[in-house]
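Peer 1: So the chains spell out like this:
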Amino acid sequence: MTLKNFLLDLLLFVAVLIAFEPRLSGIPIHEWLSLALGITLLVHLLWHWDWIINVGKRYFKRLFHLSRLKFFVDLLFLIAFVTVMVSGLLISRSILPLFGIQTDHRSIWRVLHSLSADLSLLFLAIHLGLNWDWIVCTLKRYVWTPLRQGLSGLSLRMKNEAEVCPQPVEETHGRLP
Amino acid sequence: MKTILRLSILVLLIVLIGIGIVAFFENPTIQNWLGLEASAGRGGRVAEAGSGLFEGQGAETSRRGGGWGRGFGTGRGEGAGVGRGIGQGEGGGAGWGARRGEHLDEFPSSAGWLGLLGVLLRLVILMALVVALVKIGRWIGRKFKSNGGMPAQDASPS
Chain F
0 MTLKNFLLDL LLFVAVLIAF EPRLSGIPIH EWLSLALGIT LLVHLLWHWD WIINVGKRYF
60 KRLFHLSRLK FFVDLLFLIA FVTVMVSGLL ISRSILPLFG IQTDHRSIWR VLHSLSADLS
120 LLFLAIHLGL NWDWIVCTLK RYVWTPLRQG LSGLSLRMKN EAEVCPQPVE ETHGRLP
Chain C
0 MKTILRLSIL VLLIVLIGIG IVAFFENPTI QNWLGLEASA GRGGRVAEAG SGLFEGQGAE
60 TSRRGGGWGR GFGTGRGEGA GVGRGIGQGE GGGAGWGARR GEHLDEFPSS AGWLGLLGVL
120 LRLVILMALV VALVKIGRWI GRKFKSNGGM PAQDASPS
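Sequence order for the protein chains is F and C. Under numbering that gives the first Met the number 0, think of the first position of the first sequence as 0, with each following residue one higher. Under numbering that gives the first Met the number 0, think of the first position of the second sequence as 0, with each following residue one higher.
One chain only, chain F, in its complex shape (with noise of 0.2 Å):
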C-alpha cells in the first residue's frame, strides 16, 4: 500500500506542477489535467479514509496534535482546491465549450481562480510539510535504496513494507497517542 501511495502521491504531484503552471502546458491540457487531477484525488482521499475517519472522530479530543493539525490543513486545503476546480470550470475554455456550456468570463471567478490556486499551493506546502518524514523515508525506500542497491533490491524491499515507514496509526485502526 506504501508503494501504491508513494506512486499516486508522485503523480499527483507531478500533475499538481504542470496544472499551477498553464503557461506550460497551455489551456486545454492545463483544464483536462487538473479534471483528471481532481479525480485521483477522489482515490487519494480513498486510500486514506481510515485516517480521515479516525482523526475527524477524535478532533476535539486532543486539540494541540500533529494529526489534528494536518486534518485542519486538509480540510483548507480541500476547501481551496475545490475553489479552484469551481472556478476554473466556471471560466472555462476547453471543456464545458465542448459540451456545449457557455461559461461565465466575469472577473470574480478569474479572481478567485487565481487566489484559491495561490492558496492550494501554500496549503500543499504546508501539507507536504507537514508528511516530511513519510516522504524522506519513503523516498529512501523506494528510490535512493533501490538506486543504490540496483533494481533487485526493490522487490525485496516490497516485501518488508510494514518494517520500515509505517502507516499512521490512525490508519491502522490503532488508537490515537
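These stretches of chain C come out as covered by chain F in the derived footprint (C-beta under 8 Å, 3 or more residues):
hint, stretch
1, 3-14
2, 17-23
3, 111-122
Here are the computed lysine-lysine pairs in the DSS-like style, where the Cα-Cα straight-line distance is at most 25 Å:
hint, chain 1, residue 1, chain 2, residue 2
4, F, K69, F, K139
5, C, K1, F, K56
6, C, K1, F, K3
7, C, K142, F, K69
8, F, K69, F, K3
9, C, K144, F, K60
10, F, K60, C, K134
11, F, K69, C, K144
12, C, K142, F, K60
13, F, K69, C, K134
The set of hints was computed from the structure by calculation and includes no laboratory data. Yeah, the Cβ is synthetic: ideal placement off N, Cα and C, and Gly gets one too.
Take the given structure of chain F and dock chain C to it, following the hints.
Peer 2: Quick look at chain C alone, frame taken from chain F:
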C-alpha cells in the same frame, strides 16, 4: 460496495463545497464586501490585463452600480500582464485592478518553464519553513514532556 459508498460520500462532500462556494461568491453583498466584482455605485471595476489568454476582455463596461466604467489592460513581457481599469459613473469614481495575464499563444514557452521553476521554489521554501517549525515544535514538546510539562530549568528535582 464500501468503496462506492465512500466515493459517493466524498463526491457529495465536494459537490456541496462547490455549491457553497458558488452560492457564497455569487451573492452580490459578498461580492461588494470583498470588492471582487465592481465598485458598485461608483462605476469602477477591476479590469483584466489584455493578454493572449483573455483577449477582448481587457476592456469591459461595468454592469453593476449606477455608473459605467471601462477597463483596459496591456500584456507585458512573456505572459506577464498588468491590467488597469478606470471607471466613471454618476458622481465619479475610479476602480483599478491588476492581475496576472497569461499568454498562451506559444507553449511550452520559456515563461512557462520559468513559472514552473517559480512554483517549485515557492513550494520548497514554504515546505522548508513548515518542516523547520514542526521540528522546533517537536523539540519543545520533548523538552516539556520529559520534565512533566515544565521547562527544564523550572522542573523541581523531586
